[in-house]
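Residue numbers (the numbering used here), protein chains in the order written: chain A, 1 to 198; chain B, 199 to 298.
Listed below are the simulated DSSO-like cross-link pairs for lysine-lysine, each with C-alpha atoms no more than 27 Å apart in a straight line:
no., chain 1, residue 1, chain 2, residue 2
1, B, Lys-285, A, Lys-90
2, B, Lys-297, A, Lys-86
3, B, Lys-297, B, Lys-285
4, B, Lys-285, A, Lys-91
5, B, Lys-285, A, Lys-86
Here are some chain A residues the structure puts well away from chain B; computed CB gaps all over 12 Å:
no., residue
6, Pro-9
7, Leu-10
8, Ile-13
9, Lys-90
10, Lys-91
11, Leu-92
Everything labelled a hint here was simulated from the structure, so no lab data went into it. For each residue, glycine too, the CB sits at the ideal point set by N, CA and C.
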Amino acid sequence: MNIIELSGPLHEIIFFILEVGIILGSLGVVLLTNIVYSAFFLGLVFFCISILYFALNADFVAAAQILIYVGAVNVLIVFAVMLINKPQSKKLFSSWTIGDTITFLVCLSIFFLLVTIILNTSWSSITLITESKKFLNFDFTQNVQRIGYLLLTQFLLPFELLSIVLLVALIGAIVIARRENLMKITEKVQIKKSPKSF
Amino acid sequence: MLEHVLNLGAYLFCIGIFGLITSRNMVRALMCLELVFNAVNINLITFSNSFDTQQSKGEIFAIFIIAIAAAEAAIGLAIVLAIYRNKNSTRIDQFNLLKW
Numbered sequence: 001m002n003i004i005e006l007s008g009p010l011h012e013i014i015f016f017i018l019e020v021g022i023i024l025g026s027l028g029v030v031l032l033t034n035i036v037y038s039a040f041f042l043g044l045v046f047f048c049i050s051i052l053y054f055a056l057n058a059d060f061v062a063a064a065q066i067l068i069y070v071g072a073v074n075v076l077i078v079f080a081v082m083l084i085n086k087p088q089s090k091k092l093f094s095s096w097t098i099g100d101t102i103t104f105l106v107c108l109s110i111f112f113l114l115v116t117i118i119l120n121t122s123w124s125s126i127t128l129i130t131e132s133k134k135f136l137n138f139d140f141t142q143n144v145q146r147i148g149y150l151l152l153t154q155f156l157l158p159f160e161l162l163s164i165v166l167l168v169a170l171i172g173a174i175v176i177a178r179r180e181n182l183m184k185i186t187e188k189v190q191i192k193k194s195p196k197s198f
Numbered sequence: 199m200l201e202h203v204l205n206l207g208a209y210l211f212c213i214g215i216f217g218l219i220t221s222r223n224m225v226r227a228l229m230c231l232e233l234v235f236n237a238v239n240i241n242l243i244t245f246s247n248s249f250d251t252q253q254s255k256g257e258i259f260a261i262f263i264i265a266i267a268a269a270e271a272a273i274g275l276a277i278v279l280a281i282y283r284n285k286n287s288t289r290i291d292q293f294n295l296l297k298w
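Let the sequences and hints guide you as you build the complete structure.
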């Protein structure tokens, strides 16, 4: 933990607050009936995850998380909610069906399986193995410098392909979501022009 | 410490999958899909912090996942808008046009 060298109890308090924020926020996204509340709880989850990235010494990814997820994806979701929203029921939590209960049991079992795997792995032996290797010639202390260097030397091809993917996604989203009145206006112009030619 | 954050990532993943399967609204399903992406990102960055401090490959992969998830959210919401314009309803379980 290079960035934040706080004292022990303060670190614990911050982590506890972040954990509570993430746990309650994700429960609010899934369980609340009002979808506007869900969208705002999703923004809270993204923000808490970003602060978690700061505490995990990944400051560039934390800034990218706030810019892209909170600033673009969450705003996009709120726009879509406002365009689509049909107020349905006045209750806070919707009632569960049989399928919901079965899914809850399956997801609970998957969660317990993952936690068992995590707690039974000996992480200390893996740490001893990986710390003995040193690959990089340049010893960047700044996180952003390291990421910039790697993105332009070792990961150049995925970086360029990512820009093409973003361009295609932009054009595709505009083509799918635009209105279809453009076709009808051109058809009316053609119908008006054809009687004049007689 | 490492196990604590990994448990948090596993919890987010399972809640995301649960919300994705049981949601009847299309936009809520996309929101739960974003939760799943974030759980995977937490996992990657935790491992990059603990085992790969020299090269931080996990963080670069997390950046790629953030960008791809943003592109997928944009296209997914455009499709949701197009469907809503045609059918005037947002319930996923009532769309059966592509059924055989």
